[in-house]
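If you're matching positions, the sequence shown starts at 1 in UniProt numbering and goes up one per residue.
Quick caveat, the hints were computed from the structure, so don't treat them as lab data.
It is possible that some hints are incorrect.
[Unchecked claim] Computed cross-link-like contacts, DMTMM-like style, restricted to lysine to aspartate or glutamate with a CA-CA straight-line distance of at most 20 Å:
hint: 1; residue 1: Lys182; residue 2: Asp215
hint: 2; residue 1: Lys219; residue 2: Glu234
hint: 3; residue 1: Lys107; residue 2: Asp159
hint: 4; residue 1: Lys291; residue 2: Asp195
hint: 5; residue 1: Lys112; residue 2: Glu53
hint: 6; residue 1: Lys291; residue 2: Asp269
hint: 7; residue 1: Lys219; residue 2: Glu206
hint: 8; residue 1: Lys107; residue 2: Glu164
hint: 9; residue 1: Lys24; residue 2: Glu103
hint: 10; residue 1: Lys24; residue 2: Glu60
hint: 11; residue 1: Lys49; residue 2: Asp70
hint: 12; residue 1: Lys107; residue 2: Asp64
hint: 13; residue 1: Lys291; residue 2: Glu272
hint: 14; residue 1: Lys182; residue 2: Asp263
hint: 15; residue 1: Lys85; residue 2: Glu53
hint: 16; residue 1: Lys85; residue 2: Asp70
hint: 17; residue 1: Lys291; residue 2: Asp263
hint: 18; residue 1: Lys85; residue 2: Glu21
hint: 19; residue 1: Lys107; residue 2: Glu52
hint: 20; residue 1: Lys49; residue 2: Glu66
hint: 21; residue 1: Lys219; residue 2: Glu261
hint: 22; residue 1: Lys85; residue 2: Asp17
hint: 23; residue 1: Lys24; residue 2: Asp79
hint: 24; residue 1: Lys291; residue 2: Asp277
hint: 25; residue 1: Lys291; residue 2: Asp215
hint: 26; residue 1: Lys182; residue 2: Asp159
hint: 27; residue 1: Lys112; residue 2: Glu60
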Amino acid sequence: MTTRYRVEYALKTHRRDQFIEWVKGLLAVPFVLYSQPTGIVGDGTSIAKMSEEAHRRYAEIMHDVEMMIDDHIARQNQDSPIPSKLGMLVPTAGPFFTRLPLEAAFKYQDRKRYISCRRYVAPSFNDVRLVLNSAQIMAVTNGTLQLATFDGDVTLYEDGQNLEPSSPIVPRLMHLLRSNIKIGIVTAAGYTTADGYYGRLHGLLETIAASTELDPVQKQNLVIMGGEANYLFEYSQSSPHRLAPVPRSQWLTPEMAGWSESDISALLDVAETALRDCIRSMNLPARLIRKDRAVGIIPD
C-alpha cells in the first residue's frame, strides 16, 4: 500500500465498505487476545496453540456473522418493518441475494493464507474481502445461480481492448449459458447503437451465433447494459451486430421513467459548464465530449 493510498484510505471513510470494516473489527478482538508477538521466539508449541485458538475464535465469529446474514435475508424476504440485528449494527448493509457460508469460506482461506498463524498482522480488509468472495462463490455453485453480471474493461478484457474469440473468458461464459444462467454485461461505454458494443464484444457474440450447443432461449440469455444503465441490448441472431435494442419502456424503473428529457438535458448542461470551467481555469489540454446521456473530457 503506497503512502498516498494510505492517506486517502484513512481520510475517505465514506468510500470503505462498512460491513467489511465491521467484520474486520470483530476479528481484531481475538487477534489482540491470542496473538503472542513477543517473548516466545522459537516456542513452537505455544505458537501452534495460539494459532489453533485464534482459528477457532475466527471461525466462531464468521459463523455468528453467517447466522446474522441468514436472519437479515429472512427479514428482507418478509418485508419486515423491524430491522435485523445486522441492519442495526451495520446500517449501510443492503439486501443479500444469497446466503453466505462464511465459516467454510474462512477455513478455506485460512488454509491458503494462514491468517490464524499471524502474530504481528491482524486480519485485514483484504482478508475479509477474500473470505466474502470465497463465500459468494461457494453460495452460487450449488445450482441456484440465475444471473451473473460482469463489467467490461479490466474484467472481461483489458482496459480499452476488446473481447476476442481467442479469449479464455469466452468458453467460460459459454458454459454459463449452457447451464441456463443469464449473463449481463454492464459497461460504462455509452454507445447508442449495437455496432459499438459489437466491436467490444464480437468474440463472445460470434461464438454464440456459431454455437450448435445453445438453443435459441439460451442464446437470448445474454443482455448488454451500456452507458451506466442508459442503454439495454439483448442478443439477436438475425441482427447484423448480434444485438437488438430493448425499448426503455420495457426496463426503466418507475423512478427513471419519471425523469424528463428536459431535466436530463439541464443536468448535462450544468456538468458541461463545470467541465469547461475546469478546462479553462486549469489550462487543461482536454477536449469536451457531449453525448445523449453523458458528458466528459478526454486528452486533446
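A quick look at each hint next to the structure:
no. : hint            : result
1   : Lys182 x Asp215 : 13 Å, holds
2   : Lys219 x Glu234 : 9 Å, holds
3   : Lys107 x Asp159 : 34 Å, violated
4   : Lys291 x Asp195 : 16 Å, holds
5   : Lys112 x Glu53  : 18 Å, holds
6   : Lys291 x Asp269 : 11 Å, holds
7   : Lys219 x Glu206 : 11 Å, holds
8   : Lys107 x Glu164 : 37 Å, violated
9   : Lys24 x Glu103  : 14 Å, holds
10  : Lys24 x Glu60   : 14 Å, holds
11  : Lys49 x Asp70   : 32 Å, violated
12  : Lys107 x Asp64  : 14 Å, holds
13  : Lys291 x Glu272 : 11 Å, holds
14  : Lys182 x Asp263 : 34 Å, violated
15  : Lys85 x Glu53   : 27 Å, violated
16  : Lys85 x Asp70   : 11 Å, holds
17  : Lys291 x Asp263 : 15 Å, holds
18  : Lys85 x Glu21   : 17 Å, holds
19  : Lys107 x Glu52  : 12 Å, holds
20  : Lys49 x Glu66   : 26 Å, violated
21  : Lys219 x Glu261 : 34 Å, violated
22  : Lys85 x Asp17   : 18 Å, holds
23  : Lys24 x Asp79   : 29 Å, violated
24  : Lys291 x Asp277 : 18 Å, holds
25  : Lys291 x Asp215 : 37 Å, violated
26  : Lys182 x Asp159 : 24 Å, violated
27  : Lys112 x Glu60  : 19 Å, holds
Checked against the numbered hints above, the structure violates hints 3, 8, 11, 14, 15, 20, 21, 23, 25, 26; every other hint is satisfied.
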